[in-house]
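Enquirer: Sequences are here, hints too, so could you generate the full structure?
As they're listed, the protein sequences go chains U and G.
Numbering-wise, our numbering comes out as the position in the first sequence, counting from 1, plus 36.
Numbering-wise, our numbering comes out as the position in the second sequence, counting from 1, plus 18.
It is worth saying that the hints were derived from the structure and are not from the lab.
Among the hints, a few may not be true.
These stretches of chain G come out as covered by chain U in the derived footprint (C-beta under 8 Å, 3 or more residues) [unchecked claim]:
1) 29-39
2) 48-57
3) 73-87
A few chain U positions that, by computed beta-carbon distances, are all more than 10 Å from chain G [to be verified]:
4) 64
5) 70
6) 173
7) 369
8) 373
9) 377
10) 379
11) 408
12) 427
To be clear about the criterion: a stretch of chain U counts as covered by chain G if any three or more of its residues have a C-beta under 8 Å from a C-beta of chain G, and this derived list gives those stretches [unchecked claim]:
13) 141-151
14) 392-398
No residue lacks a Cβ here, since even glycine has one placed at the ideal position from N, Cα and C.
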Amino acid sequence: VELCELTYSELERGLAAREFSSRELVCSTLDRVESVETEIRAFISVRDRSDLLAEADRADVARAAGERGALLGVPVAVKDNISTRGLTTTCGSRILADYVPPFDATAVSRLRSAGAIVVGKTNLDEFGMGSSNESSAFGPTRNPWDTGRVPGGSSGGSAAAVASGEVPLALGTDTGGSVRQPASLCGVVGVKPTYGRVSRYGLVAFASSLDQIGPLSRDVAGAGALLATIAGHDAMDATSAASAPPVSVAIREDLAGVRVGVPEECEGDGLDPEVRKSVLAAIEQMTELGATVERISLPHLKYGIPAYYLIADAEASSNLARYDGVRFGLREQGGGDARSMTEATRSAGFGAEVKRRIMLGTYALSAGYYDEFYMKAQRVRTLIAEDFSAAFRRYDLLVGPTSPTTAFPTGERLNDPVAMYLSDVFTVPASLAGVAAMSMPCGFSEGGLPIGLQLMAERFRESEMLSAAACLEQVLGQTKVRPGIRPEGTS
Amino acid sequence: MDLSRAERESLWEDMNGILGFFDSLSEVPTDGVEPAFSVLTGRDVFRPDDRATMLTREEALANAPDRHEGYFRVPSFMPEE
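Expert: Written as structure tokens, this is what we have:
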């Protein structure tokens with residue numbers, strides 16, 4: 037087994053026992069990047085080998101001197117909408133193609149302080165707006181399980197980088213499912229933390245009331261370690277929680293005493309029978325591990341998609357007003373005056389999906405439609421949050437499928453926005469309610485494509501959620517499986 | 019933004035489809051339901067009004083498409099006749 041194929045748990049033990057060095061690990065990572073990247077295209081940029089090896093050497097020296105740390109000398113990829121000082125941060129957009137942030141996002145500065153090695157920046161749907169990575173201005177990332185299919189989105193680059201063994205860990209961002217859905221489609225673990233768990237400082241804003249940075253990993257322990265490192269209050273983000281229980285993954289032998297609710301709304305139209313079967317089998321495993329499982333109803337979940345897209349796009353239309361060609365990013369001259377310059381810049385700089393979202397968001401906020409669309413969506417958001425509150429009075433976890441389907445063929449939903457939006461039908465409710473949620477691999481389709489199980493927990497109950505997931509992972513045994521890179525159209 | 023004729027036509031079709039799909043919201047009774055502008059239950063957050071080290075002028079201007087003597091420079095706001 038190559039070092040780059042080890043799960044986080046395995047490589048953390050190996051580093052601690054000095055079985056191999058961080059330098060060897062980084063070399064293995066870079067070799068893997070070199071061998072698969074032309075097929076996968078998970079990265080927008082990869083840092084210089086010499087810089088990475090220098091950081092690895094520093095980590096090895098620190099470890100030899102007795103320093104310990106969960107991420108010391110561990111390679112991590114960072115989604116390209118998270119600011120990195122001195123490294124381009126494009127957001128997958130032409131408008132920021134050459135933007136080099138003068139500061140680190142808090143999540144990134146916490147990674148660096150922990151001795152983690154930021155390998156490079158991963159591809160994404162432009163500004164996080166998409167569920168397939170196809171809206172990136174830099175071309176789509178491909179799914180490592182079948183390169184003719186999408187990796188999901190918007191953190192498709194991070195998910196594919198982890199699934200293909202390019203890195204053991206990556207940061208993604210999740211606004212309505214952008215960590216969980218690609219994690220599901222690529223067969224890895226992905227966590228959307230509670231809103232407020234991780235500072236958003238330096239995360240380029242898409243929808244500020246929904247955005248969260250979250251970890252991706254080939255095992256639950258890695259997701260837990262990465263989340264624990266980046267979590268916590270930050271004076272630079274007023275929405276980060278001032279006090280929250282710390283994140284840790286407990287070893288538990290069974291799920292005795294865990295109360296699990298299965299929302300019947302997660303079995304609606306559009307759910308692939310193979311996904312349904314695999315998810316129900318995983319839920320059966322939870323029962324065998326001692327959890328009490330009951331079917332429940334969260335009646336407003338089915339309105340999640342319209343409520344989410346109206347709110348997210350309204351916020352996006354406001355957040356994206358900053359790209360005016362003045363302070364950073366692209367500038368097109370236009371007709372010579374300032375207004376024409378801004379128009380020309382935005383027209384040339386944004387892709388089709390971003391323009392669609394700005395138009396939709398602006399429409400939802402416009403006089404005459406504000407009450408009908410935006411306010412209505414916000415009221416429905418309250419009802420969805422209340423559904424969750426009621427459910428979490430009786431259950432510790434809610435479980436169901438992460439995505440209604442496995443990875444779909446590249447191009448299939450590109451010209452059908454509603455079909456693309458429905459990819460997020462099971463993930464948007466937890467985002468609207470601000471609760472903790474994650475996806476973990478639970479099986480494969482007959483064609484060999486990964487299937488993801490979604491777990492959702494009350495706000496700031498990540499530790500309970502991750503501990504239950506780690507227990508279930510022992511039974512499902514997914515981390516042992518490695519994706520081989522398969523040529524297009526062989527599944 | 020300015021949209022080309024082709025973009026307008028494509029958006030027209032997309033927006034009709036999307037907004038039609040979103041019509042399902044109208045069936046939800048929401049009388050008396052407060053809008054959830056935020057999932058945070060906390061109060062406003064304050065901090066002391068202290069000086070802090072922020073970006074230097076050079077850092078703040080480093081990404082500017084055009085600059086002049088320490089300022090961002092933009093084209094004239096009045097179209098030339």
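Enquirer: Hints first: check each against the structure and report whether it holds.
Expert: We went through each hint and held it up to the structure:
1. Only residues whose C-beta sits within less than 8 Å of a C-beta in chain U count toward coverage, and the stretch 29-39 of chain G has 7 of them, enough to reach three; the restraint holds.
2. Counting residues of the stretch 48-57 of chain G whose C-beta lies closer than 8 Å to any C-beta of chain U gives 8; at least three are required, and the coverage claim holds.
3. For the stretch 73-87 of chain G, the stated coverage by chain U is satisfied: 8 residues place a CB nearer than 8 Å to a CB of that chain, which reaches the threshold of 3.
4. Residue 64 of chain U, annotated as away from the interface, keeps every beta carbon of chain G farther than 10 Å; the closest lies near 35 Å.
5. With a least beta-carbon separation of about 30 Å from chain G, residue 70 of chain U lies farther than 10 Å from that chain, consistent with its non-interface assignment.
6. Listed as a non-interface residue, residue 173 of chain U keeps its Cβ farther than 10 Å from every Cβ of chain G; the least gap is roughly 16 Å.
7. A beta-carbon of chain G comes within 10 Å of the beta-carbon of residue 369 of chain U; the shortest separation is about 7 Å.
8. Under the 10 Å C-beta cut-off, the non-interface status given to residue 373 of chain U relative to chain G is violated; the minimum distance is some 4 Å.
9. A cut-off of 10 Å between C-beta atoms contradicts the statement that residue 377 of chain U is not in contact with chain G; the least separation is 5 Å.
10. Here residue 379 of chain U does not stay apart from chain G, with its beta-carbon only about 5 Å from theirs, under the 10 Å limit.
11. Here residue 408 of chain U does not stay apart from chain G, with its beta-carbon only about 8 Å from theirs, under the 10 Å limit.
12. Non-interface status of residue 427 of chain U relative to chain G is upheld: no Cβ of that chain comes within 10 Å, the nearest being about 15 Å off.
13. A stretch counts as covered by a chain when three or more of its residues have a beta carbon under 8 Å from one of that chain; for the stretch 141-151 of chain U and chain G the count is 0, and the coverage is violated.
14. With a cut-off of 8 Å between beta carbons, the stretch 392-398 of chain U has 4 residues touching chain G; three or more are needed, and the interface restraint holds.
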